[in-house]
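A.B. asks: Residue numbers (the working numbering), protein chains in the order written: chain A, 9 to 262; chain B, 2 to 392.
Just so you know, these hints were derived from the structure itself, not from any lab. None of the values given here were measured: they were computed from a predicted structure. Virtual Cβ for every residue (Gly too), placed ideally from N, Cα, C. Just so you know, not all the hints are guaranteed correct.
As the list claims (entries may be wrong) - Computed list of chain A residues with no C-beta within reach of chain B, every gap over 12 Å:
1) Glu33
2) Gln40
3) Lys112
4) Asn206
5) Ile241
Unchecked claim - If you want the footprint, here are the derived chain A segments under chain B, 3+ residues with CB under 8 Å:
6) 59-69
7) 78-86
8) 103-109
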Amino acid sequence: MLIRASTRLMQSKKRENMSNKNVVEIQNLLKQFPVGGGFFTALKDVNLQFKTGEFSGLVGPSGSGKTTLLNQIGGLDSPTEGSVNVLNMDLVNASHNQRADLRKTKMGFIFQSYNLLPVYTVFENVELPLILNKIESKKRKELVEQAVEWVGLTDKLESRPSQLSGGECQRTAIARAIVHKPALVLADEPTANLDAKNSHQIMKILVNLNQELDTSFIFATHDEKIMEYLKRIIHLDDGQVTQDDIIEKPKMSL
Amino acid sequence: MMLFHLALKNLIGAGLRTWLNVFVTALSFFMIIFISGMYDGMRKHARQVTIDTEVAGGSYWHPEFDPLDPFTFEDSHGQPPASIQNAIQKQQALPVLVSQASIYPHGRIMPVVMKGIEPSQEIVNLPTHTLLEKTDGLIPVLIGSGMADYTKLKLGDTFMIRWLDVHQSYDADEGIVVHIMETENFKVDMGTIWIPIRKAQTMLSMENEATYVTIAKGVPLLNGTHNWIHRDIDYLMRDMEAMIEADEPGAQIMYVILLALAGMGIFNSQILSIFRRRKEIGTLMAVGMTRSRVVGLFTMEGGMNAFLALIMTIVLGGPFLIYFAIYGIPMPIDYTEMGLIMAKRLMPVYSIALLVSTTLFIAFVVLILSYLPSRRIAKMKPTDAIRGKIT
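Bound conformation, chain A alone:
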């Protein structure tokens, strides 16, 4: 508890220093995909900024461009036009390796279908980003145990994904996304495969982590349950931002 309190204190100071900094800046983003002889425009005229510690969501119907925008922010895909600046890196001009390095050190991903490595145990799945970041073994163990404790899976450390429920798989994926304490976590439909009870549990964990670690979260979702927790909701339709709402008091909070 003492450790957690001191961590919280340090991070609240950090938050004060960084609260006005943008973790993501997107300008005039256009993304087109070749379809047949022409192009399909997935994103158009997108201009957005996300600040440190924001708990925001991209909301819209299927095909509105949520996942495409999330992939642009994560550096998993390149824009056709415009600029995407994430954590002070211009992703348009960054190399594959630079983008990979940014994801490795400062970002976490949560996927709809969990994307856990099936042959790894919970411990090993969560440990993966730390191995990639070359954290030494003892420290890795400590950080994994801490992350697993956050998501309440301490008793499942040696289980494999096939032995876990959907909710437990997603909690493992969350632990993997936050174990290296990234500045930004991108979550693509994290509750789409979960029932209502598990969805709320997951969201509570994420809200808690947002407050404790000062990590920025960007969700892509059309799940009403998630929206109840968001502090900022960006509506997308046909690849364009149609509405950007700041929620002073989310319906659901800790």
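Starting from the structure of chain A, add chain B where the hints point.
C.D. replies: Showing chain B alone in chain A's frame:
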């Protein structure tokens, strides 16, 4: 180190899939070593048998002698020069008198090569001492088992031998089979009858003459051999070497087929494994692994697969390979009638070169077959890979 750590974790974690991959590779290892070893053993054995039973340390030939032309036999005889005679006296050389003859086993006529040889010789590995048996005036004849089968002659059978002597007169006498030898060298068996050289010289009126003289192994080159032509082991093995050489492309094709089969098995399991894991590759990229590292990871898994296969081959296949090398493999049929020098039990030979080249080659094949598909997958857009989509 990080890639090694992850690759090891992946291999251990994959459990049965890993062991199936390793088993396929180990089976390829084993089959290539086993079949190549058999092939090498066969060739080595053929060479050894030829030297033991026929070539010894080389020969001195009468200048007219051409073993491939039977018409030269009637002119290719003479008294060996003094230096060769001297070696014969010291039992360092073995004179052989060759002539054409006809035999009449069971009333059938059959042309043969009649070879007179010193019965007490120990230079070539033939049971010629059996020619010393008392035969009551009949010509003692030693034949091989192949010849016995062909002529239906049995031990103790008598038959007519007809020959042309030095005066161009035909003569004939009764011969008796004193021994039927088991030999793997068809050249001393098929179409050949062996009789004591003194008897042959008398029959042919060629006293003290020979067609060629075989030298014992390790005897240095003789001086003063006049026009008798020295044929060293290499020369006498030319036919055998040519046969082996002619067989070489066949062996190489077989080797390539084996490797291709092994390669296909490995490629199949690797590509299946890698393509099944494209979502995993996408996830690795999403958590920050670079493309080159992804390729490196899968290639390293392939390398470890090859290493484990090597261990499995040693542990599971090793005892079989050693057993066969010691006790040989019984051949189902007698190949001597087909003109092949092949042992009744084939002893495989596993040379260091074979083991090292096979190991390196399999390792190389596995690495390449791991590298190529993973390189292709690593080139996929991470967004497609994450969804497990094939592009």
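A.B. asks: Regarding the assertion that Ile241 of chain A does not contact chain B, is the least Cβ-Cβ distance greater than 12 Å?
C.D. replies: Non-interface label on Ile241 of chain A holds, nearest chain B Cβ at 24 Å vs cutoff 12 Å.
A.B. asks: The output says Asn206 of chain A does not contact chain B. Does that hold with a beta carbon cutoff of 12 Å?
C.D. replies: 21 Å, holds
A.B. asks: With a C-beta cutoff of 8 Å, work out whether three or more residues of the segment 78-86 of chain A approach chain B closely enough for the coverage to hold.
C.D. replies: Satisfied; 4 residues make the cut.
A.B. asks: The output says Lys112 of chain A does not contact chain B. Does that hold with a beta carbon cutoff of 12 Å?
C.D. replies: Contrary to the label, Lys112 of chain A does not stay out of reach of chain B, its closest Cβ about 2 Å off (not over 12 Å).
A.B. asks: For the segment 103-109 of chain A, does the count of residues with a C-beta closer than 8 Å to a C-beta of chain B reach 3?
C.D. replies: Per the Cβ count (4), the hint holds.
A.B. asks: If I take the minimum Cβ distance from Glu33 of chain A to any residue of chain B, is it greater than 12 Å?
C.D. replies: 21 Å, holds
A.B. asks: Quick one: see if chain B covers the segment 59-69 of chain A, three-plus residues with Cβ-Cβ under 8 Å.
C.D. replies: violated (count 0)
A.B. asks: Confirm or reject the statement that Gln40 of chain A sits farther than 12 Å, beta carbon to beta carbon, from all of chain B.
C.D. replies: 14 Å, holds
The structure does not agree with the numbered hints 3, 6 stated previously, though it agrees with the rest.
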